[in-house]
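Chemist: As a plain string of letters, each chain reads:
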Amino acid sequence: MKKFIFLILNSLAYTMYALSFSLNAQQITEDTQADIALQQETFNWSTLKKTWEDDIQFHGFFSQGLFHSTGNNVYGKSKDSVSADLTEIGLNMSYQALNNLSFAAQGLYRRAGASTGDAGEVTLDFAFADITFLSFSQGRLGVRGGRIKNPWGFYNETRDVASTHPTIFLPLIYFERSRALLIAIDGGQLYADYSSPIGDFLFTFNYGYSHDNKELLLAITSDPDVSGKLDSDPGFMTQLHYEIMGGQYAFAISYADLNSSYTSSKSFDPYTGLESNIDSLMLSAQYNGEKFSLVGEYNIQWNSFSFPQAGADFSPVSEYWYIQASYRFLDNLQMTIRYDSSSQDKSDRSGKNFHAATGLPAHLMYTQDAVIGLRWDITPSWMLRAEYQRVHGASTVSLLDNPDLSKLVKDWNIYALQVSFRF
Amino acid sequence: MLYIALSFCMLPSVQAVEVIMNASDSKELIKENMDLRSIFSMRTRYWANNEKIRVFVLPDNHILHKNFVKQKLHMFPHQLRRTWDRMTYTGTGQPPITVDSVAEMLEKIKHTKYSIGYIDRRIEDEKIYFFDTQ
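If you're matching them up, the sequences are chains H and Y in order.
As numbered in our numbering, the first sequence has no gaps in its residue numbers, which increase by one up to the final residue, 408.
As numbered in our numbering, the second sequence has no gaps in its residue numbers, which increase by one up to the final residue, 169.
Isolated chain Y, as found in the complex (with noise of 0.2 Å):
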């Protein structure tokens, strides 16, 4: 309930977007090349350390999910979409797991090994690792 109340409060002004991993092994996972976007796209599909990488996204209207796309991609929620729907229906890849809430998504990737995510503010947790402080 917390964060529900806290993603309304942040509502409508421009929102924090913190890109988040699983903390086992975060430090091993990542190598220098990685982006973002590649790794929202499904391009880069695995970690360093060969581990499938689990990604996990809100709803394409969330709002935290617009502003996530433009702020740390830099793309629109419709292109994402394009990718990933031409991969769905023809075999060719599969789609991250599309939750539901903020709140859902500090849950899947607090128990989610090699898991990535995003969510609108920093934390303190010690199962939460954040992108950006490689």
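This is chain H alone, in the form it adopts within the complex (with noise of 0.2 Å):
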């Protein structure tokens, strides 16, 4: 941790200081000659305060978890014990170098059970170069290159950031398994912006490669002992926003066309040549008043599956859906109910098929939920909350954390708390 805070701050504080100083230098001396009979004395500090704070900014967030649960295991091993496995932490950096150049960069420290291991990950979260090569006073239109992240319904994009969500655990449609798949892509962004008299629009349109995903592999195969990896080759993740009255109502159209393939690492691998094609379509409205609010999404997912070796394909289309409700009893107290519902393969949604097929048990193919939990902003940056969900299913749970698929339970609880600090 020492380690990555270190580095964060040393190479990328450093340059991107340096630079801000060189480039605000006249800024400085204008500011200074205005404000000299005032600031006299504290000079030096508060115009390079100023600078710092004007064109440079920090963020961050730290959110811990507590988690208990019956039949399953939740990150790390809460099953009738309690897990503390979920910890998220990110520090940012944002410079705004020039009005139509900017830089910004994310660490990442993320533990999240068996998936991560004991000592966690760290990872560059984002990091890219954003150019605005046409600005005008209802709009702009850009690119960016480097790692971004997907806007892939309401949260994909800052859904380790405990305070954007409503609940601890993500609607299923954000599907912890592909994460890897979905957090950012390496590549480059095109985006435009357009406010207008009937609302205000945002489309973004991501290019480039996704990360290596291990959980996937594994839900693909359900074979714990898979040893090689999946690589992504190049694919895209688009979407439209649009939102009118300052947000109180919000709307999105995500679209998803990723692709992977199996790079064996010993001879005799029988997943050799496997390939996953994923096409995928999330349809995303939101009400958003002063007390309440509702919130729906819908994905459908086209999936194929391809196994040279074995001679098999498979083509499961899987549909994920979720309704969800909250309500402000205070400004800083909000309830949220959920109902979610996930289906792995439409034409089989109660996995009779697939436990004939495979053995498995049936309930790995489906999982409907219902969450309640209770969230307290004691302040604007701290919060706390709690939850429980009554699970039906076991299709969406980390095969990492759960390694014995025979013994999955169908019918399971979870309990979970959560505190977390941003700034």
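Keep in mind the hints are simulated off the structure, nothing from the lab.
All C-beta atoms in this analysis are idealised placements derived from N, C-alpha and C, irrespective of residue type, glycine included.
Possibly wrong hints are sitting among the right ones.
Partial pick of chain H residues on the chain Y-facing surface, computed with a CB cut under 7 Å [said to hold, decoys possible]:
#, residue
1, T149
2, S249
3, S250
4, M320
Restricting the straight-line Cα-Cα distance to at most 27 Å, the calculated cross-link-like pairs of lysine-lysine (DSSO-like) are [what the hints assert, rightly or not]:
#, chain 1, residue 1, chain 2, residue 2
5, H, K276, Y, K148
6, Y, K143, Y, K107
7, H, K214, H, K199
8, Y, K66, Y, K143
9, Y, K105, H, K276
10, Y, K148, Y, K87
11, Y, K162, Y, K87
12, Y, K107, H, K276
13, Y, K66, Y, K145
Build the complex: two chains, separate frames, hints provided.
Modeler: Dropping the structure here:
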């Protein structure tokens, strides 16, 4: 952790600060002259601080979860025990170098059960340069290059920032197992904002490579001993986001086309040549009033998995949706309820065919759950929340936290607590 | 201290909210179709002279912030927070700078060129320009 903060602060902060200082030298002189009478004593500090604050910003977040469950594990060994294996820490910096040029980067430390191991993982969450080539009073058009977060539904881009989503667990539509596939893309983004009298539009188109994905590979093969890697081929994710009345109503349509192919690490690997192609469409709608909020999202996903060694092809169509209502009793106290539904294969919703073909539990093919949660924003920075989930099905559990697939339980409970800090 | 004392006197009745700007060049800065919601949502990011708009706000739970957002932007603080968080934690934009008190807000606006913010009363100060006097 220390090493990580040291790295971020030293390498990025130092170069950006140096850059900022030279680029803003002229402005400092002007400001100083204007305010010289007032600021004579504090001149150095106040002017430097002003430049720093204005053009370079640091932000971050921290969260820690506590889980207890019956039946299956979530985030570590929570089953009939208590697990504290979800920690998220992020630190970012953004630098507006010129009116049409900016840079941003975020480091993420994440510990999330067996998928990251006990020590957790440090990743570069995003890091890109942003060039606006057209800017007018109603909007702008530009490109970003580097590692960019994927706009996908309402919550994907900030899925690791606890305070930005209403419950501890994201809706099942944000499938924890597909996290690496969805989280960010290494490549480029074209973006366009437009504010019109009938609402605000935001269009994004991301093209590039997703991250290597161990959880997805396990889910496709249902084989804990699979040894190779699932590497991304170029793909795209795109979203049109529309909101009216300052965000009181928001709508989004998102589409993704993501392909991966298997790289084997040994000879005679039964999965050599494995390919995964995923096309996915998400529709999102939200009402966000003073006290009451209502969110619904629907996702349909066309999968195609081919196993040339076994001479088999599978093309299941998955379907996920949820509806979520929140009520603010006070400005800082909010209750949320949600119903989630997910089906791995629309033509085999009960998992009967899957069970007959593989002998594995049928409930690996579906999940429905009901969630109730209470969120208390103690201050604008500190948040505390508690949640209960009744779960029917096991299609969304981590297969790394629950390696024995035959022991997965169909009906189970999750109790969770989380504290978070943001700045 | 005076500001703090004053703001306490005015609670909790319906508070006045005055949108203020740094007075230097203020008349050249405002374009006809600029609206406050767009400025405070960080969608309009530059003044008419292409200088970056320096936006200052009070914390989300400050009574004046709540009143400002409702009265002047016709929004709720949590809607604005959603917009700011999205840009902050994806690196696609910078949120406004948060100050802790009305007194600090006034100091920042007086001493920061191209700035905009809000206070809870009208005052006589040559370094302050009231946004609605255009």
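Chemist: Could you run down the list of hints and mark each one as holding or not?
Modeler: Verification of the hints:
At a threshold of 7 Å, the smallest CB-CB gap from H/T149 to chain Y is about 5 Å, leaving the interface hint in force. The criterion of a C-beta within 7 Å of any C-beta in chain Y is not met by H/S249, whose closest approach is roughly 35 Å, and the hint is violated. Using the Cβ-Cβ criterion of 7 Å, the hint placing H/S250 at the interface with chain Y is not satisfied: the shortest such distance is roughly 34 Å. For H/M320, the shortest C-beta to C-beta distance to chain Y is roughly 14 Å, which exceeds 7 Å, and the interface hint is violated.
Of the pairs offered as hints, the one joining H/K276 and Y/K148 is violated, with about 37 Å between alpha carbons and a cut-off of 27 Å exceeded. Between Y/K143 and Y/K107 the CA atoms are separated by roughly 20 Å; this keeps the pair inside 27 Å, and the hint holds. For a cut-off of 27 Å, the pair hint linking H/K214 to H/K199 stands: about 7 Å separates their Cα positions. Note on Y/K66 and Y/K143: the hinted pairing holds, with a Cα-Cα distance of about 23 Å set against a maximum of 27 Å.
About 13 Å separates the Cα atoms of Y/K105 and H/K276, which keeps this hinted pair within 27 Å; it holds. Taking the CA atoms of Y/K148 and Y/K87, the gap is near 10 Å; set against the 27 Å cutoff, the hint holds. For a cut-off of 27 Å, the pair hint linking Y/K162 to Y/K87 stands: about 19 Å separates their Cα positions. At roughly 19 Å between alpha-carbon atoms, Y/K107 and H/K276 fall within 27 Å of each other, so this suggested pair holds.
Our distance criterion of 27 Å between C-alpha atoms is met by Y/K66 and Y/K145, whose separation comes to about 21 Å.
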